[in-house]
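Chemist: Keeping the supplied structure of chain A fixed, place chain B upon it in accordance with the hints.
If you read the sequences in order, they're chains A and B.
First residue of the first sequence? That's 87 in this note's numbering, and the numbers climb one at a time after it.
First residue of the second sequence? That's 87 in this note's numbering, and the numbers climb one at a time after it.
If you're looking for bench data, these hints aren't it; they were derived computationally from the structure.
The structure displayed is predicted, hence computed values, not measured ones.
A couple of the hints might just be wrong.
Just so you know, same-sequence chains aren't split out, so a pair can sit in one copy or run between any two.
Said to hold, decoys possible - With a straight-line cut-off of 30 angstroms between C-alpha atoms, the simulated DSSO-like cross-links for lysine-lysine are: (1) K407 / K428; (2) K428 / K193; (3) K488 / K429; (4) K193 / K451; (5) K429 / K526; (6) K428 / K610; (7) K185 / K610; (8) K488 / K451.
There are 2 protein chains.
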Amino acid sequence: MSQSTAMQRVVIDNVSPAVDGGRFPIKRIVGESVLVSADIFADGHDELDVLLLHRSTTADEWTETPMSLDVNDRWYGAFDLETIGHYEYSIIAWVDPFKSWATKLTKRVGAGQDTTVDLEIGANILEESSSRATGDDAIRLLQLASALRMDGHSREEAETAALGDECATLASAYADRTNATTCDVAFGVTVDRRRALFSSWYEMFPRSCSPTPGAHGTLRDCEARLPYVAELGFNVLYLPPIHPVGLTARKGSNNSVTSAQGDPGTPWAIGSAEGGHKSIHPELGTLADFRHLLEAAGSYGIEIALDIALQCSPDHPYVTKHPDWFHWRPDGTVQYAENPPKKYQDIYPLEFDTDDWPALWQELKSIFEFWIDQGVRIFRVDNPHTKPFAFWEWLIVSLKAKHPDLIFLAEAFTRPRVMQRLAKLGFSQSYTYFTWRRSKWELVEYATELTTTDVSEYFRPNFWPNTPDILMDYLQEGGTPSFKARLVLAATLSSNFGIYGPAFELCVNTPREEGSEEYLNSEKYEIKHWDLQSPDSIRDVVARVNTIRAAHPALQRTNNLTIHEIENDQLIAYSKIDEQTNDLILTVVNIDPWHTQSGWIRTDFGALGIDQGTQFTVRDLLNGNTYTWRGMHNFIELNPNEMPAHIFEVVVPTLEKNT
Amino acid sequence: MSQSTAMQRVVIDNVSPAVDGGRFPIKRIVGESVLVSADIFADGHDELDVLLLHRSTTADEWTETPMSLDVNDRWYGAFDLETIGHYEYSIIAWVDPFKSWATKLTKRVGAGQDTTVDLEIGANILEESSSRATGDDAIRLLQLASALRMDGHSREEAETAALGDECATLASAYADRTNATTCDVAFGVTVDRRRALFSSWYEMFPRSCSPTPGAHGTLRDCEARLPYVAELGFNVLYLPPIHPVGLTARKGSNNSVTSAQGDPGTPWAIGSAEGGHKSIHPELGTLADFRHLLEAAGSYGIEIALDIALQCSPDHPYVTKHPDWFHWRPDGTVQYAENPPKKYQDIYPLEFDTDDWPALWQELKSIFEFWIDQGVRIFRVDNPHTKPFAFWEWLIVSLKAKHPDLIFLAEAFTRPRVMQRLAKLGFSQSYTYFTWRRSKWELVEYATELTTTDVSEYFRPNFWPNTPDILMDYLQEGGTPSFKARLVLAATLSSNFGIYGPAFELCVNTPREEGSEEYLNSEKYEIKHWDLQSPDSIRDVVARVNTIRAAHPALQRTNNLTIHEIENDQLIAYSKIDEQTNDLILTVVNIDPWHTQSGWIRTDFGALGIDQGTQFTVRDLLNGNTYTWRGMHNFIELNPNEMPAHIFEVVVPTLEKNT
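This is chain A alone, in the form it adopts within the complex:
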């Protein structure tokens, strides 16, 4: 056994937070702090020095902060995240001979024992520390050693000096760390900007933005739609792929195998003679138009998110320039995408494990870099779960090293472990099962899993009530009240949420056929002309909800969720608090779109000073009504035909608002 292994007495164990023992970083946003804890102990009864280490990049020096013992050998410390990018943290701990000695001395003094020899031992420890110190500290340590030896001091003075803070602090500062223990790994933190945690997405097909029915919309039309999107309160405008659409095997309306003259094809069949992933579909406009849109959006506080789908139409330039990036069948054809017996003849998957993979992966990375150069900072990634994990980790880590403000949303509607892995690898946000969870127990169970388990350290949910692919049964059945309920659930359960519009606010809910979750005449295959001014639109509710989100810090985080009991399976109640501002929001949703539902809610705000008899006020931010409540049990009634939800601001008398 080596000297260092043999002499390392302190154990550092069970460090939290940690994703897979430190293999992956936790996720935070700038301005937050990280609370680190660990089991730290040594043999015997000696006192420990424990320091939390952190640094903002691997190149920087470590900053040291003392950790404190709570109970049961659990130590705590914290550090602040001041910049976006990558942080690391670790722990160092050692047995502190001076503190151990001082603890015993206190007991000896208390028992009135002779401390002459003990004081000499303490003086020796201080002298030894002095040998590692420099300047004034070195001199002061020698002076203190001398005091402990009672040179010109009484025993009482020597004991008082020995047990004072100065001795302990200086001795610890210059302790011998030769046998200190540090964590085996440095734990990482991905520090994102705030929008990674608080974002409101609006998905819109630019080609459906023309004011002229039937005409192919342009990026300029899309730009003209910005005031509408801003009025609805969204801060991310997400565009499905804007690249040239393939012609070969183009799909027609409702995904028919043959397309009619003039069918635009699906935007996810990327690439034609006019270019690939770095080109813009000519009918949409030019790169200059795109940059103009980006700038105009910025003036509304809206960011453009691009959809990156790493797949090709048969007409993509890659197919002829890099045939070895595709999988060729023995009959001399390229393998198109399939989920047998379903066939997607208009889409060729890329062969990520081609022998030429280094060139392919670099080229794919350059697609992101191209759009980053145009000013894009948010990417919605299509089907990342069908591409290798190693590719994503390499891509995201290397791109974020240069551009720490990038945000990646993973569109992986797949098995939980795969979705979690993609989040661990670096995706900033993730689509979720919220899109299918409709009953109270499903929603409560899922929200609890996402916000209270280890998953909450790395997986940032983005809740979508609908997507162009998913029109959930509940929306098909429940009509307008169900759209309002899903809107409120998505927007208040998760600080990241999005809708596919205008289909959502227009409450479009006709499926292609009974039992299907595809839209009838889906916008994926057709240019639509939406009547934004329809009297059936719930755009005012959408705008109201987004205004509430923008005004209330409690709704700008996700992991601050508390579920409350309410004795009705059709009513869901939960609250969020932001401790910085004392902002407390209580949401109650009636998920029955047909009937008024009522029940007694049990809100345990005891920690906020609301006891059995306390009277307090809740104000419904959706309709402005104010109610006086008392104690823990209060009555709720929600008529879905008026509004299936309350979003209450809880005015707690004992909480002073900090705004």
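Modeler: Same frame as chain A, now just chain B:
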């Protein structure tokens, strides 16, 4: 990124069982099997090959066993532990191109699609596998490839061959593992002999074994006591240190600072002019006597456990031969053991971090080796938590590498994390907080933690109702009924248990003073003469309980515990089942030593086929009475003055006994 990192598509995550991610081995006994599970998945929808690897030592070849997918990407596999010693396990997994292809082919065939080109692709995969195969398998793979190409076969025949087991099995057996994923670590298993999990300890001071009152007992007297110990049913006889006792600063009765003439001192003050840790106290006898005792004990099925206390009296030969193994104070004295303000002047701790530590550690190891050479295989280690963790790991791992039948019991009554660490490092069994847990909720909570959390993978509890150091308040207050209750609790909750006798069976319960948990006139400082035939002895109950333990496999394991509800805070009920033999034991204990307690027990044996109305029999193994029970709720009444416990054998009609 390296080729291998880039091409490794499979993730193996969250392997269970694992202690600290594989840093420490799990513990099992020979004959058990290890059920291994992990989250295993790749990108996309391809099929995986997953093999569990295991080997009995690091030198052996791995044995491969297929794992099976359960749900949610969780895979399971198992292997048997056939010998004591060290096992390792790991997992290897890769994407299986043939299985992935076959899954798609099945769907194509089902949809009636043309499979000509697909069969050619499958044939190519088989041919490729053939290139890695040898002999008949290589030839057969080529034949199968040919069949898939429809050489002389119909399409239906080709499809049938393609989807048969033979193709899949052979292709998998010769799959390309270049890009396979294996676990980062090999997970360890310490495989102990059965007594590590099922042992009944009797602690006895040999010097108190003389038939003559006041005389110093000998090892020969101790040998004469063997029939008594055997009659009580114990299989481990644990002797406090048997080495020469120091004279300097020897403690007198009741731990007084000065000893009177003839006081024997504490056996834990080890070493005198007559020798140290490798010598036997002359008044006890000779090494030959010791070997004789060992052999005699063996004839009763009893093993001798020695107490190893790595500390010295001031008279230990080490003090003069190796002064640098001790801590010297500035006044030229050796630092004795202290827990200020308490002083243990008769004991010098060893300085484990002395510059000469390699020689010290080797010498300490040689103490164990000396007694191993005499035939000792079980060591009770005194206060291991005051010696470095690194020392114990090195010591136990290296000793068990040569002697895998060794059993180490850690006497660490300290903080939970420290006790757990010692167990992780290699101690086979551990003393526990049972010794102080008296209320129902404390016992239930503690037993649940020990048997159902990760702790159960490496921490084997050994439950002691008393020790020479600990006479718990409950025994002081409750008298004989409390001794019976604690006996039954210890012996049926934990498959390892022990008592300090004869003080236990004689129900000795007078403390040194009010509020103390030290015995009055403790045997630690005095030679005792016990009246084994006292009418107050509960030796018959002890014997009965041990007989029950020996006859019932359900009581020979600990982690098979199920707590049952019973509506009385003074009644504790729990069961254990051994599935191999269908042995089911239900224990109920009245922990109120003063009053008869009764209540309805809720035994959910639904899994055993006992439904609401089923009638079944329980037989109290303590008194032989048989009761007929029906369904889940049955009535219990226990009078502590008769017997404060039932140990029921549950005779379930649907369970056939395998004995």
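Chemist: It remains to establish, for every hint, whether it holds in the given structure.
Modeler: Hints, verified against the model:
For the homomeric pair K407 and K428, the shortest alpha-carbon distance inside one copy (28 angstroms) is at most 30 angstroms, but the shortest distance between copies (85 angstroms) is not. In the homo-oligomer, the alpha carbons of K428 and K193 lie at most 30 angstroms apart only across protomers (10 angstroms), although the nearest pairing inside one protomer, at 79 angstroms, exceeds that limit. For the homomeric pair K488 and K429, neither the shortest alpha-carbon distance inside one copy (39 angstroms) nor that between copies (63 angstroms) is at most 30 angstroms. In this homomeric assembly, K193 and K451 never come within 30 angstroms of each other (Cα to Cα): the closest approach is 65 angstroms inside a single copy and 35 angstroms across copies.
Taking the closest pair of Cα atoms, K429 and K526 never come within 30 angstroms of each other, the shortest separation being 37 angstroms inside a single copy and 64 angstroms across copies. Proximity of K428 and K610 under a CA criterion of 30 angstroms is satisfied intra-copy only: 17 angstroms inside one chain copy versus 82 angstroms between copies. Taking identical chains as interchangeable, the C-alpha atoms of K185 and K610 are never at most 30 angstroms apart, the minima being 70 angstroms within one chain and 33 angstroms between chains. Taking the shortest alpha-carbon separations for K488 and K451, only the intra-copy value of 13 angstroms comes in at or below 30 angstroms, while the best inter-copy value is 55 angstroms.
Comparing the model with each earlier hint shows violations of hints 3, 4, 5 and 7; every other hint is respected.
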